[in-house]
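J.: Residue 3 is where the sequence shown starts when you use the working numbering, and the numbers rise one by one after that.
Simulated from the structure, these hints should not be mistaken for laboratory data.
Just so you know, not all the hints are guaranteed correct.
Stated by the list, open to error - In silico PhoX-like pairs for lysine-lysine, Cα to Cα no more than 20 Å straight-line:
hint: 1; residue 1: 59; residue 2: 102
hint: 2; residue 1: 78; residue 2: 145
hint: 3; residue 1: 70; residue 2: 132
hint: 4; residue 1: 130; residue 2: 101
hint: 5; residue 1: 102; residue 2: 66
hint: 6; residue 1: 97; residue 2: 124
hint: 7; residue 1: 132; residue 2: 97
hint: 8; residue 1: 132; residue 2: 95
hint: 9; residue 1: 145; residue 2: 124
hint: 10; residue 1: 78; residue 2: 59
hint: 11; residue 1: 59; residue 2: 95
hint: 12; residue 1: 97; residue 2: 59
hint: 13; residue 1: 124; residue 2: 78
hint: 14; residue 1: 56; residue 2: 145
hint: 15; residue 1: 132; residue 2: 66
hint: 16; residue 1: 130; residue 2: 72
hint: 17; residue 1: 145; residue 2: 101
hint: 18; residue 1: 132; residue 2: 78
hint: 19; residue 1: 95; residue 2: 66
hint: 20; residue 1: 102; residue 2: 130
Unchecked claim - Cβ pair distances, simulated, as ranges:
hint: 21; residue 1: 137; residue 2: 63; range: 35 to 41 Å
hint: 22; residue 1: 137; residue 2: 56; range: 35 to 41 Å
hint: 23; residue 1: 128; residue 2: 58; range: 18 to 24 Å
hint: 24; residue 1: 137; residue 2: 113; range: 39 to 45 Å
hint: 25; residue 1: 61; residue 2: 138; range: 32 to 38 Å
hint: 26; residue 1: 100; residue 2: 49; range: 17 to 23 Å
hint: 27; residue 1: 49; residue 2: 72; range: 20 to 26 Å
hint: 28; residue 1: 137; residue 2: 86; range: 31 to 37 Å
hint: 29; residue 1: 55; residue 2: 75; range: 16 to 22 Å
These numbers come from a predicted model, not from an experiment.
Glycine included, each C-beta is placed from N, C-alpha and C at the ideal position.
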Amino acid sequence: MIIRRVAVALTAALALGVGAVPAQAQAARPATAPSAAASGAADPIVTPQPGTIKPHKVRWTSAKPYKKGKKSRYLKVTWWSGPQECTALDHVKVKETRKKVTVTLYEGSVRDNGMCIAIAVKKATLVKLKSPLGTRRIVDGAKN
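Model the full structure from these sequences, guided by the hints.
T.: Encoded structure:
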């Protein structure tokens with residue numbers, strides 16, 4: 003009975019506009035969430051930090067050839083993660099064959115205190131290949 007009364011009160015309040023954001027404040031809000039590019043920062047390039055707690059496979063969103071200096075034997079691998087203080091790249095496994103390159107990212111917790119904010123952070127890392135990518139396919143090892 004109490005739950006029903008609370009639900010009715012909340013519905014009435016919302017219908018009457020109680021708690022609504024004024025039109026002036028709505029106009030000041032961005033239409034989309036600010037991206038790293040909008041804030042002036044690119045995807046942070048992270049390096050593996052071996053020794054994280056419970057490392058596990060993580061799916062990546064993109065892997066593209068990356069030219070570092072005169073050599074093009076690198077891939078820039080991008081994925082979504084948590085804040086670097088809480089979730090870190092532990093290591094990367096790369097398996098190269100004639101037809102494909104399989105890249106597997108492993109992340110783990112930095113500390114085991116359980117007090118980390120739940121926010122998505124776009125991260126990237128550079129992966130060095132033994133030979134140039136050429137026409138080989140890039141495969142996410144976490145999808146297997």
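J.: For this structure, which hints from the list above don't hold up?
T.: 6, 21, 25, 26, 29
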